[in-house]
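K.L.:
Listed here are the chains, written in short residue letters.
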Amino acid sequence: MSNKITPEVVRHIGKLARIELDDQQVEMLGRQLGDILRYVDKLQALNTDGVAPMAHAVEIHNVLADDAPGQSLTADEALANAPARDNDFFMVPKVLGDS
Amino acid sequence: MNNLLKLSALELKNAISRGDTTATEALEAYLHEISVQDGALRAYNEVLVDEARDQARRIDDMRKIGESPGLLAGIPIAIKNNLCTTWGRTTCSSKMLANFRAPYTATAVARIRQAGAVVLGKTNMDEFAMGSSTENSAHGASVNPWDLSRVPGGSSGGSASAVAGSLCSAALGSDTGGSIRQPAALCGIVGLKPTYGRVSRYGLVAYGSSLDQIGPMTRDVADCAAVMNVIAGHDPADATSLDRPVPDYLANLDEPIKGLRIGLPREFLSDALDPEIHRAIENAVEVYRSLGAEVKEVSLPHSRIDSGAGGELSSFAVACYYIVATAEASSNLARYDGVHYGHRTERDAADIIDLYSRSRAEGFGDEVKRRIMLGTYVLSSGYYDAYYLKALKVRRLIKNDFDEAFETCDILLCPTTPSPAFKMNEKTADPLEMYLADIYTISVNLAGVPAISIPVGLSSRNLPIGMQLIGGVFREDVVLRAARMFEKASGICRLTPPPLGRDAE
Amino acid sequence: MSEQATEVLAIVGLEIHVELATETKMFCRCRNRFGDPPNTNVCPVCIGMPGVLPVMNSKAVEYSLKVGQALNCELPSYSKWDRKSYYYPDLPKNYQISQYDLPLCKDGYLDVPLPDGSSKRIRVLRAHLEEDAGKNIHDNPAHTGVDLNRAGVPLLEIVSQPDMNTPQEALSFAREMQRLVRWLGVSEANMQMGHMRFEPNINLHITRGGTVYKTPIVEVKNLNSFKALEGAVTHELKRQYAQWLEDPEGFSLDRKGKQNRGWDDQRNITVFQREKEEAHDYRYFPEPDLPAVVVDDAWRESIRASIGELPLARRERFIKQHQLGSKEAEAMIQDADTGNLLDDATAMGAPPRRVVNLMLGRMSAAANEKGCALGQLGVSAAQLSQLAIMLEEGKLNATAGDKIIDHMIANGGSPLEIAGKLNLLAESNTAAVEQWVDQAIAANPDPAQQVRSGDKKAKQAFGFLVGQVMRISGGKAPPSAVKELLESKLSAK
Ligand SMILES: [Zn+2]
Chain L
1 MSNKITPEVV RHIGKLARIE LDDQQVEMLG RQLGDILRYV DKLQALNTDG VAPMAHAVEI
61 HNVLADDAPG QSLTADEALA NAPARDNDFF MVPKVLGDS
Chain B
1001 MNNLLKLSAL ELKNAISRGD TTATEALEAY LHEISVQDGA LRAYNEVLVD EARDQARRID
1061 DMRKIGESPG LLAGIPIAIK NNLCTTWGRT TCSSKMLANF RAPYTATAVA RIRQAGAVVL
1121 GKTNMDEFAM GSSTENSAHG ASVNPWDLSR VPGGSSGGSA SAVAGSLCSA ALGSDTGGSI
1181 RQPAALCGIV GLKPTYGRVS RYGLVAYGSS LDQIGPMTRD VADCAAVMNV IAGHDPADAT
1241 SLDRPVPDYL ANLDEPIKGL RIGLPREFLS DALDPEIHRA IENAVEVYRS LGAEVKEVSL
1301 PHSRIDSGAG GELSSFAVAC YYIVATAEAS SNLARYDGVH YGHRTERDAA DIIDLYSRSR
1361 AEGFGDEVKR RIMLGTYVLS SGYYDAYYLK ALKVRRLIKN DFDEAFETCD ILLCPTTPSP
1421 AFKMNEKTAD PLEMYLADIY TISVNLAGVP AISIPVGLSS RNLPIGMQLI GGVFREDVVL
1481 RAARMFEKAS GICRLTPPPL GRDAE
Chain V
2001 MSEQATEVLA IVGLEIHVEL ATETKMFCRC RNRFGDPPNT NVCPVCIGMP GVLPVMNSKA
2061 VEYSLKVGQA LNCELPSYSK WDRKSYYYPD LPKNYQISQY DLPLCKDGYL DVPLPDGSSK
2121 RIRVLRAHLE EDAGKNIHDN PAHTGVDLNR AGVPLLEIVS QPDMNTPQEA LSFAREMQRL
2181 VRWLGVSEAN MQMGHMRFEP NINLHITRGG TVYKTPIVEV KNLNSFKALE GAVTHELKRQ
2241 YAQWLEDPEG FSLDRKGKQN RGWDDQRNIT VFQREKEEAH DYRYFPEPDL PAVVVDDAWR
2301 ESIRASIGEL PLARRERFIK QHQLGSKEAE AMIQDADTGN LLDDATAMGA PPRRVVNLML
2361 GRMSAAANEK GCALGQLGVS AAQLSQLAIM LEEGKLNATA GDKIIDHMIA NGGSPLEIAG
2421 KLNLLAESNT AAVEQWVDQA IAANPDPAQQ VRSGDKKAKQ AFGFLVGQVM RISGGKAPPS
2481 AVKELLESKL SAK
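Chains as they are written, first to last, in the working numbering: chain L, 1 to 99; chain B, 1001 to 1505; chain V, 2001 to 2493.
If you are wondering where the hints come from, they were derived from the structure by calculation, not from laboratory data. A couple of the hints might just be wrong.
To be verified - In silico DSS-like pairs for lysine-lysine, Cα to Cα no more than 30 Å straight-line: (1) K4(L) to K2084(V); (2) K1095(B) to K2135(V); (3) K2084(V) to K15(L); (4) K1423(B) to K4(L); (5) K1427(B) to K94(L); (6) K15(L) to K1427(B); (7) K15(L) to K2221(V); (8) K1095(B) to K2221(V); (9) K42(L) to K1427(B).
Unchecked claim - Some chain V residues close to chain L (C-beta under 8 Å, calculated; not the full set): (10) G2035; (11) P2037; (12) V2042; (13) M2056; (14) N2057; (15) K2059; (16) V2061; (17) Y2087; (18) N2136; (19) I2137; (20) T2144; (21) M2191; (22) H2205; (23) P2288; (24) P2291; (25) E2328.
Where is the CB? At the ideal position from N, CA and C, for every residue including glycine.
Kindly produce the complete structure, drawing on both the sequences and the hints.
P.N.:
Here is the structure:
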């Protein structure tokens, strides 16, 4: 794969990651990410046919909690770190609808 | 320097329980030392004086009325600033969380407090644990007590610097790719990364969730075992914590392991290795041989380190790690968006996307942005299979290598780092160069096994050299006993840096 | 262009989101409760604070498996959690814990009764568990408020195959799903509280001149009523056909792919939704904080055993066992409690016919008046069966039975006591009954004569006389005895 990531791709990734980037950062990240990706490309040399992907370091299962209510926070505790609040709501610029 | 500061954590605890001193007296000695020395070391982001004094008084009061104040009673412990506490701030050394006050305390921290430890404060780190030098901190870089022009390693560099510089009796760090062991090696102390799931991650701010573990950073192996006795164990609040009994790691610590089978991964002892470190490791092997250990070569083919034409090192494990860890990080760090807590841009945000993008651009440092970008890229549509899925498969191969090695060995022995502490700013310009500082530690996290770093000597420049002992899953007991064997036989234990202010050449 | 025969086939698939009625949320132990003050059922986990971890709710997993079993799904032995990434203020972590490639349930079906009495089998592709988002509140014109009480509530997403061909079929499928989840007790499925939300996928396969044209698939997002579902599908079919007529080649699935549209409740139409270019790159990857769910045979068996009889099977049984008509049987399976009442009352010895008549008669009317289900009237199987037996034995007449039901609903008590208190027990003294019959005949000579003559008004006159006897007796005359006496007294020439 190519050594450098194009500015378009860097900008697209920046949008996905919600990080505002100026032109200089786009240029620098294009270069650095390109270098890193070239480096990690060495994995392609390994044959991994039939190898099961390993997403957890220790593979356990069925860790379940009882459906019994525990302690919640008060609205004030919940909002204590909020940069902006409107009464007992977290406040953000106008958005449409729900997710 | 106050003599109390020279005691190990267990010695201090015993002195307190004998009544030779008090928790308060010990705490004040450390607070004084911090006030004198931390201007130079910059190990702490925040010293939590009031809460520490309250806790020390509580311990002393308990002792007065004859109650047992716990396994770590009165020991002043520093904790890495990615461990949440309801007192003080948990910033992850990031502008993003500069004012974050958690309404919960990390399980590991709650456990050491329960055991009577006195939490001194929050130590400096690479922002969100991303780095190997503690230079990526919004609070400024920490310094290596052995040489103030050099880094303490990272990301738990503040904790390592504090332990080595006698600014705490012991510390907690976290290790995702070497972040406990590498700074432990560079600062000449003991650092253990436990088996994944051995210590609860609840309240540890996540970086690479499938790799992160909390562990002790201490002056000697016995202290390390003592802290493990307290922090290890199942926690229902962490679904990946393992419900298995915890042995008493101190119980047989001093009994040598008869016929200890040591594997030397041939891939880790290549010509590329710093010759001084190579020699130190060979000496350590000789020490073990003299103790009757059975030493043999083993192979971890997928952790192999290659030298390129230009001498640059590369490793499948490092490549695998930087995909897995950054993919998880890109998701773990998505929550920092200026809505529910954390930094929010003061620029006018036209809409919610502006608010997110600007808050994140302002709140995160360069390395964090780089890793989020990389992680986002490898998970994004069209690249997932080639990068992320491939890395998960390679991860399996790396783990299989370890499984195979532990069929015939009790522990694996290798260097912790490719070189002793490097100079400040030496590697900041080249991210890849920095990533290679973890070349010997990274595959351990990928495999999920426990590993300790202990000092094995000093370089010609009087810089500590670390040795890594890796155990099978849940064999912290074996790792600790093997480490203690070396400590005892070699006499290399509790290396003390020269008085502060000295600058090696 | 010459007139060609055009065949239009609507293809509709449905995603149904069901909020599960657990006590606590999916991954934390905050209460799962609607209507509380904002941001009071929240904790560090569901606010997505740094360093906290999800732990899955066993009940939510069990409920999901129950639904899967009831939908005849395979319950795979291994399923896992994944993170789905997108940024929105009501999604505090900016990823949703969901299931991507290995859901809890897959490949099932639901037989859906249609209004014409037939039924249709709709295949179910999968059902997976995930966490709900919070709510964005738009009351303030200047900004949006975020309430996280709903964030983390367990949400089961059921995805059908595109097996429905009319708005009515989509509606029937949705209603049947509502009945099923209520039946299983896994969700209140209350539309007003947002317990059920629908997202239909709609397109047309149009055949003309031997060519099949496929219109772009439209997914209508976030419908929260049956009316909106039916309206959206209906409107989409019309809209797509009209648009296809304008441009049969251009308006095609191949060219335009999938589109999302919203629903405008005021205007009853679907509307175009602007989308961000990166909206669809969800970057799913395995959730490192949560171990997998492994379902073994023993677990599967216990789920199967816990399901009990499902609505359609019960309907068939009622028809066979109690000789119910299909309408009656349908009424008996509106919810599980109704049929349980019938089963329990008959198990206590009550004749099924009497029980059914009581339930679908006065009880049903009372339930309608109260706006509740039959099972919620507070009439127990013991009360119902005693009443049915008294009626069967002629100790009460139907009118008295209805009065007793009203009294039981209002005040409780056993039918026998109530009948005594209200003086409703049938008169068993034949002489007294005969006297009431004689009085009625004497007071109404013309109808009596009509009965005797057997003319065309005889039947109506007979009924009238029975009513008169009941009136005179104050409802205490046993109807069978009255009829017998009237017949014998008026049959003699
Ligand atoms: Zn919660």
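K.L.:
Would you mind marking each hint as holding or not holding in the structure?
P.N.:
We went through each hint and held it up to the structure:
For the suggested pair K4(L) and K2084(V), the alpha carbons sit about 28 Å apart, so the restraint of at most 30 Å is met. In summary, the hint linking K1095(B) to K2135(V) is supported, as the alpha carbons are separated by about 29 Å, within the 30 Å threshold. Between K2084(V) and K15(L) the CA atoms are separated by roughly 16 Å; this keeps the pair inside 30 Å, and the hint holds. Proximity of K1423(B) to K4(L) is assessed by CA-CA distance (about 29 Å); at most 30 Å being required, the pair is judged to hold.
Of the pairs offered as hints, the one joining K1427(B) and K94(L) is violated, with about 44 Å between alpha carbons and a cut-off of 30 Å exceeded. A C-alpha spacing of about 29 Å is found between K15(L) and K1427(B), which places the hinted pair at or below 30 Å, so the restraint holds. For the hint linking K15(L) to K2221(V), the alpha-carbon distance of about 24 Å falls within 30 Å, and the restraint holds. With a CA separation close to 38 Å, the supplied pair K1095(B) and K2221(V) exceeds the 30 Å bound.
Annotation: proposed proximity of K42(L) to K1427(B) holds, straight-line Cα distance about 22 Å (limit 30 Å). Because the closest C-beta pair between G2035(V) and chain L is about 14 Å apart, greater than 8 Å, the hint is violated. Among the interface hints, the one on P2037(V) holds; its C-beta lies about 7 Å from the nearest C-beta in chain L, closer than the 8 Å criterion. Interface restraint check for V2042(V): the shortest CB-CB distance to chain L comes to about 5 Å, inside 8 Å, so the restraint holds.
Interface hint at M2056(V): satisfied, since its Cβ lies 6 Å from the closest Cβ of chain L, which is below the 8 Å cut-off. At its closest, the beta carbon of N2057(V) sits 5 Å from a beta carbon of chain L; the interface hint therefore holds under the 8 Å criterion. For K2059(V), the shortest C-beta to C-beta distance to chain L is roughly 4 Å, which falls under 8 Å, so the interface hint holds. With a least beta-carbon distance of about 7 Å to chain L, the hint placing V2061(V) at the interface is held under the 8 Å criterion.
With a cut of 8 Å, the hint placing Y2087(V) at the interface with chain L holds, because the nearest CB-to-CB distance is about 6 Å. Taken as an interface hint, N2136(V) checks out: its beta carbon lies about 5 Å from the nearest beta carbon of chain L, inside 8 Å. Given the 8 Å rule on beta carbons, the hint for I2137(V) holds: about 6 Å separates it from the nearest Cβ of chain L. With its C-beta approaching chain L no nearer than about 5 Å, T2144(V) sits inside the 8 Å limit, and its interface hint holds.
Interface hint at M2191(V): violated, since its Cβ lies 16 Å from the closest Cβ of chain L, which is beyond the 8 Å cut-off. Interface hint at H2205(V): violated, since its Cβ lies 31 Å from the closest Cβ of chain L, which is beyond the 8 Å cut-off. Of the supplied interface hints, the one on P2288(V) holds, with its beta-carbon coming within about 6 Å of a beta-carbon of chain L, less than 8 Å. This hint holds: P2291(V) has a C-beta 5 Å from the nearest C-beta of chain L, less than the 8 Å allowed.
A cut of 8 Å between beta carbons decides the hint on E2328(V): the least distance to chain L is about 38 Å, and the hint is violated.
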